[in-house]
Each structure stands twice: as structure tokens, then as C-alpha cells.
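Asks: Given next are the chains, with one letter for each unit.
Protein chains: 2
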Amino acid sequence: MKSFIKICLPAFLLTVFTACSRAPQVKDFDAFFDKLIALEQAISILTWEMETGGAPEGAMEARSKTIAALQAERFAMITSNEMRGFFKAVEAAQKRGEADEISLAIYRTTKREYDKLMVIPADEYKAFSELTAYAFITWSEAKESNNYNLFAPTLQKIIDYQRKFVEYRKKAGLVYANPYDAMLDDYEPGMTVAILDPFFDDLRSNIVPLLSDIMANGKTIRNDFLERNIPIPIQSEISKLLMDTVGYDLNRGILKESEHPFTMGIGQNDVRITTHYYGDKFFSSFYSVIHECGHAIYEQNVAKELEGTILDTGTSMGIHESQSRFLENQIGRSYEFWQGIEPDFRSVTGNYYNDVTLQQLYEAVNIVTPSLIRTEADELTYSLHIMVRYEIEKMIFNNPNLTAAELPAIWNQKMQEYLGVTPPTDSEGILQDIHWSFGEFGYFPTYALGNAYAAQIWNAMKKDVDIKAELKELKFTAINDWLRKNIHSHGSLLTPAQILEQFTNEGFNANYYIEYLENKYRALYGI
Amino acid sequence: MKSFIKICLPAFLLTVFTACSRAPQVKDFDAFFDKLIALEQAISILTWEMETGGAPEGAMEARSKTIAALQAERFAMITSNEMRGFFKAVEAAQKRGEADEISLAIYRTTKREYDKLMVIPADEYKAFSELTAYAFITWSEAKESNNYNLFAPTLQKIIDYQRKFVEYRKKAGLVYANPYDAMLDDYEPGMTVAILDPFFDDLRSNIVPLLSDIMANGKTIRNDFLERNIPIPIQSEISKLLMDTVGYDLNRGILKESEHPFTMGIGQNDVRITTHYYGDKFFSSFYSVIHECGHAIYEQNVAKELEGTILDTGTSMGIHESQSRFLENQIGRSYEFWQGIEPDFRSVTGNYYNDVTLQQLYEAVNIVTPSLIRTEADELTYSLHIMVRYEIEKMIFNNPNLTAAELPAIWNQKMQEYLGVTPPTDSEGILQDIHWSFGEFGYFPTYALGNAYAAQIWNAMKKDVDIKAELKELKFTAINDWLRKNIHSHGSLLTPAQILEQFTNEGFNANYYIEYLENKYRALYGI
Chain A
117 MKSFIKICLP AFLLTVFTAC SRAPQVKDFD AFFDKLIALE QAISILTWEM
167 ETGGAPEGAM EARSKTIAAL QAERFAMITS NEMRGFFKAV EAAQKRGEAD
217 EISLAIYRTT KREYDKLMVI PADEYKAFSE LTAYAFITWS EAKESNNYNL
267 FAPTLQKIID YQRKFVEYRK KAGLVYANPY DAMLDDYEPG MTVAILDPFF
317 DDLRSNIVPL LSDIMANGKT IRNDFLERNI PIPIQSEISK LLMDTVGYDL
367 NRGILKESEH PFTMGIGQND VRITTHYYGD KFFSSFYSVI HECGHAIYEQ
417 NVAKELEGTI LDTGTSMGIH ESQSRFLENQ IGRSYEFWQG IEPDFRSVTG
467 NYYNDVTLQQ LYEAVNIVTP SLIRTEADEL TYSLHIMVRY EIEKMIFNNP
517 NLTAAELPAI WNQKMQEYLG VTPPTDSEGI LQDIHWSFGE FGYFPTYALG
567 NAYAAQIWNA MKKDVDIKAE LKELKFTAIN DWLRKNIHSH GSLLTPAQIL
617 EQFTNEGFNA NYYIEYLENK YRALYGI
Chain B
117 MKSFIKICLP AFLLTVFTAC SRAPQVKDFD AFFDKLIALE QAISILTWEM
167 ETGGAPEGAM EARSKTIAAL QAERFAMITS NEMRGFFKAV EAAQKRGEAD
217 EISLAIYRTT KREYDKLMVI PADEYKAFSE LTAYAFITWS EAKESNNYNL
267 FAPTLQKIID YQRKFVEYRK KAGLVYANPY DAMLDDYEPG MTVAILDPFF
317 DDLRSNIVPL LSDIMANGKT IRNDFLERNI PIPIQSEISK LLMDTVGYDL
367 NRGILKESEH PFTMGIGQND VRITTHYYGD KFFSSFYSVI HECGHAIYEQ
417 NVAKELEGTI LDTGTSMGIH ESQSRFLENQ IGRSYEFWQG IEPDFRSVTG
467 NYYNDVTLQQ LYEAVNIVTP SLIRTEADEL TYSLHIMVRY EIEKMIFNNP
517 NLTAAELPAI WNQKMQEYLG VTPPTDSEGI LQDIHWSFGE FGYFPTYALG
567 NAYAAQIWNA MKKDVDIKAE LKELKFTAIN DWLRKNIHSH GSLLTPAQIL
617 EQFTNEGFNA NYYIEYLENK YRALYGI
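Just so you know, the sequences run in chain order A and B. Counting from 117, one number per residue, gives the positions in the first sequence under this note's numbering. Counting from 117, one number per residue, gives the positions in the second sequence under this note's numbering.
For the record, the hints were derived by calculation from the structure and aren't laboratory data. Note that the structure is predicted; figures quoted are calculated from it, not measured. Just to be clear, a hint being listed does not mean it is correct.
Treat identical chains as interchangeable: a pair holds within one or across any two.
For lysine to any residue, the following SDA-like pairs were computed, each having C-alpha atoms within a straight-line distance of at most 20 Å [as the list claims (entries may be wrong)]:
#1 Lys181 x Asp144
#2 Lys530 x Ile508
#3 Lys588 x Thr361
#4 Lys372 x Thr168
#5 Lys181 x Thr429
#6 Lys143 x Ala243
#7 Lys591 x Leu474
#8 Lys181 x Arg368
#9 Lys151 x Met176
#10 Lys151 x Thr163
#11 Lys242 x Asp144
#12 Lys242 x Phe145
#13 Lys397 x Pro349
#14 Lys151 x Ser196
#15 Lys181 x Asn367
Just chain A, same shape as in the assembly (with noise of 0.2 Å):
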């Protein structure tokens, strides 16, 4: 068991509190930060409200309006004079060896999105906000009425914004071996199609002839029980149970639910998570609120030092993913985990699944199943899910002429070919995540990312942490402990290379990832 303090005063931190020794002229820019940072957290606020129910359905449009202004105001400080000046003073007293820690890190921050934003007219930003800020909205009736027309023009404005957006960064000289780098870069610093590439390739060449294998070979699972209707009342315990048990903080967070459930970090003392209930898929929440737990207890256990600044949240997501990833699969799908909680789980759930043993129950978590809906795929083919968009990204940025309303036909194929299952509507296919409506292409590929990195994590801790005694133990302390020394205590002040690195010694490397498939599902496969 480490010590309190030593887990709150990791060596990093002794810079840190030279802080107020910061150079004056960095510290004049506070007031500049303070306001930056109030409207990024109005930002989310108006956005988690819109999308949870907390607003009058009329004032969609209006509240839209205002996220719009807002981001507009937040991109004028971005590429504002007094940012220019910011970046100045941290120069210079990085030249007297006077700068700081956190000054530096907020400086390698704002300057990567400066340098992005500046090539941007600005109101062609402001366009492009309050495009993304409605597109939601169409989004969302598209899916519903299962219309992907309502949605492609939608769709193919965004597309045309941030195919000019690269344009106008490759013209001020930013580099990108391939046009799709640049989307990338915007999620997971570094990342490129040259890594990732590699890495599909990989996780394709030994996940698609492991998935052969289980189809042809593997033992049946009983799933029978899976879609069983289970009362939202029970289902709401659940989830508190959850959060209890993993260490969410709900003090300082709030569960609420929405059409797709998502983490919302507004400073380490407010971050908010939302799942969505379907009556029969119980798992589906289940293991949302793992998953968002995940996110969450990140963004919560960040230094309390670096409170109040814009470090105080994860330094990528790619490296946020790995947090809800490990939390949702390495953690919550293991049979010790499992083990742990079956008291409780069968304390709430009542007669629900008395008939079914903890084995069964473990198995059945597991299960492989070629299917339709990313959120709801397994463990072993969700990273197809992820290659399937993958591709479809990196041909909207490589073929100028590729239209929205094209792109239906290419998912359904590619469905086809990687999971051998072609959506019957729209709804169940292309229209089926939120992430495009809001310009984010590029945010894919660092769920496959997070999944391998969870698994570096799993590596990483068993040399200081037993961590399957614990989990037995429903125990999250030493595992969280860990977490926070090496991972959530950092938030924004290391970057993901350097946090891998410290806690790895070698960096990225996608083996154990493949390793961890192999051995999990051929043994609960028995082949």
C-alpha cells in the first residue's frame, strides 16, 4: 500500500510548488486564463444541459446560438494578442531559467491549438461552431427517423469545413505526411496514419483469424438471459453501485442519462457522466457507467495543484480512453472483478438471473458477437468497429471528391466485409455515433488506441499491485492509487508519449494488447 502522501507529492510536483515563484510577467496573464477557462466550462455546461434534458426543447436553437458566440469568443482569445503576449513572456523567462512547470506546459498546450487556429479566418470558425453546435440536433432527428438524407448536408458541410481546415494549415506550413494527420494529431498528439496504419494492420492480421477461430471452434456461451427486461429502477441501482464500487466521486459528479452516454470534465470538482437504459440490455448501461467511470475518476484525481488552470483535465484521448477501456474491460470483463461483486450484483438484481451461475455470467460478458452498434460490441471486434471508420476518415481526407451522400454504401460494405453483418437502416449503421456531428473525425481511432494502451496499464500495474487479489476483494484503492500516481495526477502537464513512457519504460507498443486478447479469449473459448 503506497502512502497518501507520498501518492499526492510525486516528484513532479515539488516544481509545482514553486509555482507562486512563477515570473511575474507569466503570472500576469491569470486574469487572461481564469477567463479562458470560465468559458470553456459555460461551454460544457450549456452542452451537458442540452444534451441531458436539463433545457426547454424550444430553446435548442437559441442555446445553440450561444454555445456558438461562446466558442467564438473563446477562438478570438486563442489567437488573441494577449495569447501572443502569453507565449512571449513564457519564452522569456524559459531564456532567464526562469519559467515553471506548469507555465511550460500550459505554453506547449495553447500554442499547439494556437498554431492550428491562426490559419483559420475567424469567421469562418464561427461558421463552423455554430454549424457543429446545431448538426446535433439534425443528427439526432436523423437517427430517430432512421433518415440519413435529413443529416448528409449537413454532414458534408462539416466535411468541406475541415477538408479546408487542412488546407489552410498545410498552407502556413504545418506538415502532414497525409492530409488525415492532421485530423488525428487533434485527439492524440503525434498520431499519424504511418503509426496507425501499422497498427490496424496488426490488430487485424491476428484478431481476424483468432475471430475464424472462435466462430468455427470455440465453445458455445449461454446468452439467453442477455436481453432479459430488467426493471430502470433496478438498473439505476446498479449503476450507483458501480460508480461506489470503481471510486467515482459523487460529490463531485452527477450520473443523468442521454441518447449517448459520455464523460463531461468541467475542472476536477465537477465532472459529470451520463449513460442511457434500455429495458432489455442491462449490460448495455452497465458497462456504459463502468466506461464513463473510468473517464471520470481521470479527470477527478488530477493534481490539486494543477486546479484552476487548463492542465486540469486529461492530456489526450487516446490516454483518456485507455482509463475507461481498462476500467470497462480489463477490469470489469475479468472474472475476478466479477467474483468481487457477484454479492451485491445478486443482492440487487434479485431473482433476475438466479438462475444463472457467476461462470455463466462472466462468460456471458464476454461473449463474441459480430454485430451492428459499436457501443454494444465486444471487447475482441470492437476494434473493428474503430477500423471500419478509420478508413472511412482517411478516404474523406485523401478523395476530394468522396460526398456525404456516398458514404452509407461504404459503411454498409465495410461491415460487411470486417464483421460480416451489413446494417438493415441507416440508423443501425452510419448514423449511429454522435462524434461527426460534431466536426470530430480523428476521435476514432484513439478508442482502438486506449485499448491497447489499457493493456501496457494492466502490464504496468501487476509489478506493484495484485491486482486480481484485489478485484476479488471488490478492492479499488491500491488499483486507483496506482492510477492516480502514474496516469490521473499529471492531468495536462506531461504529455501521452512522455506519461507511457515513465510508467512503461519502452513506450507504445500494441503487443500486449494482442497478447491479452489471445490468452483471454482462447482460454474462455477453449481453443
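Add chain B to chain A, keeping to what the hints say.
Replies: Below, chain B alone, put in the same frame as chain A:
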């Protein structure tokens, strides 16, 4: 019956439609005002969320900081060079005869605030904003634990700031015959002690004898059923019935619960209200909902042409309160309203009031009982509660040595003097209202003004609409159309005095209110 077209196109809007031809120099400031409005809306929504339990408990401090930062930015905008540029552009357009009515009204309202704010140093205003953003939490804790000492130091700071701000204004040349006028003018432009002293004298000299007469000679009104325990789901159903009946548009609105009922207008398409359910005070929430609907319908019915401008809200707190009071008292406590709503009321409340006749219901909701809590006060004694607050606030600003610590004793003494009751606890006394925690001195008198305006509205409306006949059939269309045409649609385009002048042809006159109280309560009590 007015036709819809006529109502939507009152005379003043003919000039509004020429807004597109606004002087280009004025139109240049559209983005500036979009940002100002977005900041105000974000502040409103963050406040709403905190007060209706939408944010995590542990996030309160962080959210208060966010609100303070947004308010600081709003302050910076109001007092900015760009705002001065707008003033110059409007003044120049006016000289050329090109200034449209909307621009002139925006000029009037912003210039008014500018002149007041410019005299306050920015850092002091920021500290005050931060203080009053937090103070709600301290007040709430103090009220809950009946511990005035917990709140007193905060209240003292708020008082000190406001006193200092009045001094700043006076030094800058703003003229106030009485220092308290500076506060009054914030909520009701042009309101002064010179107008309010005789108004309250008038009320006192008429209501106190009337009250004595009722207490001594009035018949006994049955009240045994007022504190019956009514299940919250039934109270919630009644809320829905009332909101639906009076014409509050729930597509552009939402009802939540909070400690103290309030209305939050965030533009005409997003107007939210709260209530507070007490098991044994059914009519508390009943009349809170009607009251807040009066505020909300005002905000929802501002002319479409004013949407997205800072004029898209009620013109003053007094006029605002006239809308809530008109709906709550003139309408909602009339015999005819009870005739109209009786069938629905009985259907929702089931057997709970089976033994109570219509006449008994009408009498009970109008029962006169000198009591402790303003928000629970009857229509007749309500203004006496306001008088207590008016006199204390006047003392605060006229006696610089008066401290927050001395206020509970003064409060209790005045309550005894005017209402014949002494609060047994500060929670039921000086701690009952949220207003001072927001720094809102000068606000309370607008409640009494609203009562007086409401009587003038009834007097004017009855010339065009057979109000009693409409109410008997529970019809609100003609009533709301009249209010929309004469008051609501104007938003903040006209001043309170202009609105009052237009529909009364005489301006403010408290006689209608006194006459209304005399007639109603003498009849009710048979004296």
C-alpha cells in the same frame, strides 16, 4: 377579440421592421452584443443549475468562480472602448436622423448601466461579483441551521460594497436626493424615496385600519383544510394544470424545484421557473407556480423582432412584478378563477377537498393572517412585509454606522410593530429572503409597486376584455392577448413609465390598488 395579426404587429413594430436598415456603423456592433448576451445567458444557466440541484454538491465553489469570471468579463464589456464606440455610433446616427428605435433603446439601457458601472473600480466589482456568487451558499447554510452569525460577516461585506458604490456614483456626479435612491433606481428606473415614502404612507394609513377592522369585526373564515398533507405527485399535477391553464409555454419553458421559487428568463425561447413543494402547504406551491408563470409569460411574449437583442426581456422589476402579481392575486385569487378551475382542481385533488365548497376555497386562499414569512403572506398584509424591508434598507443607506449584526433586532421590532408578530427564529425572520445574498438592495419595493401596477392593469384591461366572464370559463387567450399587446411585446423597448402611460393614460396611481383591497376584503369579511 383581437385578431392575431393585429396583436403581432402593434404600431411600434412597424419601425422595428426597418431594423435591417439600421445605420451600418450601429450594425457593426452586432457581434459585440451577441457576445454580451451569450455571457449573460451563460451566467443565468450556471446560476439556474446551481440553484435547482443540477450541479454536483462539491462543484459549488468552482461554479461560483466560473460565474464570477463571466461577470467580470461582462463588466469589462459594459465599460469597454467598444461600448463607447457603440454609444458614439448611435449618437452620430441619431444626429443624422438614422437611428432606429431598437438601437436607441439598446443605447438607453446600456448607457444607463455604463454610467453607473464606470464609477466602480474593476477589481472591486470583480470582488463584489465573486462575493455575491458565493454568498448564496452561506445564506443557505445559515438559514438551514438558523444561525444568522454565519451569514452576518458576508452580509456586512455586501453592505459595505454597496455603500461604497453609492459613494462612487455620487462622486462621479450622479445625483441622488437620498443615498438609497441609487439602489432603488437599479430595479425600477427613476424610483426614489420621495415617491415611495408617500406610497408606503398611503398604504399604511389605509391597510392598517382595514386590517384592524377585519381582525376585530370580520367574519371567521374556515381554514382547517389549508394545512392538509397533500402528496407531492398531486401537487406536481396541479403545477402542470396551472401552467397549462394560464398559458405558460412548456415547449419554451421548464419547471424545477428550488429553495425559493424564481423565474429565469434566458431569451423568449428559454424561460424557466421553479417552485418549492411543502407537504402541508399545498397553496404555497399552488400560488408560487401561478406567480412565476406571470413572470415567465411576460418573458415568453416579448415581440419576436426583439429576440437576440438585450431588449428581449421585461423592462423593469416593478413591471415584471405587476405581471406575477396580476396573475397570482387579481386573477388567481378571484372568485371567478376558482369557478373556472374548480372542476379540474377537484379532478386532480381527488378526495382531499371533498368536504370544502367552492366558496370556502375562495375565502381560504384569501384569508388574512398577519404572519412571519413574506412569500407565504396574504395579499392584504404582503405590503407590510415589504415595508419592513424598505425601511431597513433605507436605514442601511442613510445610517453608515448601522451594522449587519444589528439588523435582526430591528427586523423583529418592525415585524412586531406592523404585523404584530415576532419571529421566533432568524430563519423565519431576517434570513428568510435570498435577495440580500445577491447584493440586491432596492429590489423589495418593486414587489409593492407590482401590486399597485397590477390593480391599474385590471382597471385598464376591463375596458377591453370581460375579464370575469373569461375567467369563469377558464379562458386566458383574451387576457394574454391584451397583456401581450400592451405590455409583454414591448420587452425593454419602452421604459416602465412609457408602458404605464400608454395603457393608463395617467401614469402611476396607487389609488386603484387601495380601492381594490378595500372592496375585495370588506366584501370577503362582511364589514
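Asks: The structure should be examined with respect to each hint, and the outcome stated for every one.
Replies: Each hint, compared with the structure:
no., hint, verdict
1, Lys181 x Asp144, "between (32 Å within a copy, 18 Å between copies)"
2, Lys530 x Ile508, "within (9 Å within a copy, 75 Å between copies)"
3, Lys588 x Thr361, "within (13 Å within a copy, 58 Å between copies)"
4, Lys372 x Thr168, "both (6 Å within a copy, 14 Å between copies)"
5, Lys181 x Thr429, "between (26 Å within a copy, 17 Å between copies)"
6, Lys143 x Ala243, "between (34 Å within a copy, 19 Å between copies)"
7, Lys591 x Leu474, "within (19 Å within a copy, 63 Å between copies)"
8, Lys181 x Arg368, "between (29 Å within a copy, 15 Å between copies)"
9, Lys151 x Met176, "between (25 Å within a copy, 18 Å between copies)"
10, Lys151 x Thr163, "both (18 Å within a copy, 17 Å between copies)"
11, Lys242 x Asp144, "between (28 Å within a copy, 16 Å between copies)"
12, Lys242 x Phe145, "between (25 Å within a copy, 16 Å between copies)"
13, Lys397 x Pro349, "within (14 Å within a copy, 30 Å between copies)"
14, Lys151 x Ser196, "both (13 Å within a copy, 16 Å between copies)"
15, Lys181 x Asn367, "between (31 Å within a copy, 18 Å between copies)"
Figure legend: structure checked against the earlier numbered hints; every hint is met.
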